[in-house]
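*Asks:* Chain B: place on chain R using the hints.
Going down the list, the sequences are from chains R and B. If you count the first sequence from 1, you need to add 19 to reach the working numbering. If you count the second sequence from 1, you need to add 567 to reach the working numbering.
To be clear, the hints were calculated from the coordinates, so they are not data collected in a lab. One should not assume that every hint holds.
To be verified - Ranges between beta-carbon positions, derived for each pair:
1) R:S123 x B:N626: 55 to 61 Å
2) B:S731 x R:E296: 49 to 55 Å
3) B:D585 x R:D139: 48 to 54 Å
4) R:D112 x B:D581: 48 to 54 Å
5) B:A757 x R:D22: 49 to 55 Å
6) B:M568 x R:Y72: 25 to 31 Å
7) R:M21 x B:M568: 29 to 35 Å
8) R:M21 x B:Q719: 56 to 62 Å
9) B:S731 x R:P106: 57 to 63 Å
10) B:E709 x R:S190: 49 to 55 Å
11) B:N625 x R:E296: 31 to 37 Å
Think of the CB as a built atom: it goes at the ideal place given N, C-alpha and C, for glycine as much as any other residue.
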Amino acid sequence: MMDLSVQLPGLQLKNPIMPASGCFGFGKEYSQFYDLSKLGAIIMKAATGEERYGNETPRVAETPSGMLNAIGLQNPGVQKIIENEVPFLANYDTSIIANISGSSIEEYQFVASSFNQTADVHAIELNISCPNVKEGGIQFGTDPLMAARVTEIVKSVSDLPVYVKLSPNVSNIKTIAKAVESAGADGLSMINTLTGMQIHLPTKMPVLANQTGGLSGPAIKPIAIRMIYEVKQQISIPIIGMGGISNAEDVLEFLLAGADAVAVGTANFQNPFICSEIIDDLPTVLQKYGFSSVQDVASFAKRGVTI
Amino acid sequence: MIRRETVMIKNSLDIAADTVEMTLHNSYLSKNAIPGQFLHILVEGHTLRRPISIADVNNEEETITIIFKKLGSGTKCLSAYEIGMTLDVLGPNGNGFLLESKDSTLLLVGGGVGVPPLHYLGKKASEKGVEVVSILGFQNKESVFYEEKFKQFGKTIVVTNDGSYGERGYVTDFVQTIGPFDSYYSCGPAPMLHALTKKLEGHRGYISLEERMTCGIGACFACVIPTSDQLSYRKICADGPVFSAKEVVL
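Okay, chain R solo, but in the shape it has when bound (with noise of 0.2 Å):
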């Protein structure tokens, strides 16, 4: 059986898939078509401090090849995830990350401290580059003072590691990425979705409610590949890969790119069985291209022999 682990800060990882935040709620609803404890983590829903309600309906509109969101992190709240989610995932043998927001520093660190006395979170994901709330959420994701203090600000009060989320709506990806790692990150999350728009024509108004959305999904895949190769040549933490990830092959090129493992976010919607499917084919997937683990992948991407 080919070693698909990876080790990365405070996750020891059986094979390097994961759900993305947001698009596998907190594990209930696609616990009825694979066992989790098959995943190598799972990345919950974004957490506030207080429960959200999110935007008004319709959050959601398909698009080329993807599709544009906007829920607003509804959740209900960091207290009753810890009381009502968390023990659920507990059950299953796989490493549980919290994906936190807030509309200020203070959320932040109140919903990371709460974790942090969480027996069985084993890893913040630090959310700043929702592109979807009003408020919070991207500020401190598109400029790197506001990114770096946000990170030292969890950091301070998180035993935990913490992987900042980052935007793709920003002119240097680099900069953001270069910021957070100097202010402590354990790793970087990348990337979340890009903003965009679709406007019904027999309304000629915009489908969603909220005008614009989240764009997730393959149509993406290829700006996320070249951000986290850009930002592999920057930085010396690690990168959990995202945007579009549809089969293992898609893993493999990520990985390629520089990241160290990868979460799978809309692909889910279609097939709830997608990261049970990838896990199987991983291994088909390497040797094909010669490859005899996932280290065996990173070791190369690092050597940057190709690319």
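*Replies:* Same frame as chain R, but now just chain B:
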């Protein structure tokens, strides 16, 4: 339990303007689907599945019938699938309609592509000996379908907005003409449901809702609706699509 199943298209028929009736063969789905549930159908070349309600089930032939309108790219593409081809389907999704055990007369009120789920409900109720009265609303004569099928369950009034067939007007114009009933069940466009639930405020009623969906299983929070007390929310795909008329804000 929701499963991913392969279904074979046994029949595909244009039954009204831009309206397609498709009969799908699948043993698991035909055994397990109840009225009001939907299939989440993958259509070639499209990122998101299409939620389409179940219009009928034939247990002997192990088939499920869906009816949809060719409105956008997904449904147009689906309508082009030919007999003998297969589809990747998640189902049965959602909670479905529950019949009140003591009810002896039901009122079904459907509008356009909201009519199909009521057909399977009407069939089940009728099999149980419940009297079924139906009011079906369509835009015009060309859009009308399933009138004869509903007539087999009981009294059926067809209403068209332009009066080109049956009665002229809206379904809500006729709900007070049909005599007493125990519960009403409705599915149709949001403005129709809004007007209907208001008009039938004192009655026990159930409504089936639609919204743009993504996962279809309750994980993504795309299709939420606030509860009437404004304190909470329901997921249309997983908690619904059927709700008590008083449960949610339309």
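*Asks:* Could you say whether the range 48 to 54 Å given as a hint is met by the Cβ separation of R:D112 and B:D581?
*Replies:* Hint holds: Cβ distance 52 Å, inside 48 to 54 Å.
*Asks:* Is the hinted range of 48 to 54 Å satisfied by the C-beta distance from B:D585 to R:D139?
*Replies:* 52 Å, holds
*Asks:* Does the Cβ distance between B:A757 and R:D22 fall inside 49 to 55 Å?
*Replies:* 53 Å, holds
*Asks:* Determine whether the Cβ-Cβ distance between B:S731 and R:E296 falls within the hinted range of 49 to 55 Å.
*Replies:* Given range 49 to 55 Å: holds, Cβ gap about 50 Å.
*Asks:* Given the range 49 to 55 Å, decide if the beta-carbon distance of B:E709 to R:S190 lies inside it.
*Replies:* 53 Å, holds
*Asks:* May I ask you to test the hint 55 to 61 Å on the CB atoms belonging to R:S123 and B:N626?
*Replies:* With Cβ atoms ~58 Å apart, the hint holds.
*Asks:* Falls inside 25 to 31 Å, the C-beta gap from B:M568 to R:Y72?
*Replies:* 30 Å, holds
*Asks:* Within 57 to 63 Å or not, the Cβ separation of B:S731 and R:P106?
*Replies:* Because 59 Å falls inside the window, the suggested range holds.
*Asks:* Using the beta carbons of B:N625 and R:E296, state whether their distance is inside 31 to 37 Å or not.
*Replies:* Given range 31 to 37 Å: holds, Cβ gap about 32 Å.
*Asks:* Taking 56 to 62 Å as the stated bounds, is the beta-carbon spacing between R:M21 and B:Q719 within them?
*Replies:* 60 Å, holds
*Asks:* Using the C-beta atoms of R:M21 and B:M568, is the stated range 29 to 35 Å upheld?
*Replies:* Roughly 32 Å apart at Cβ, these two residues keep to the hinted range, so it holds.
Of the hints listed earlier, there is not a single one the structure fails to meet.
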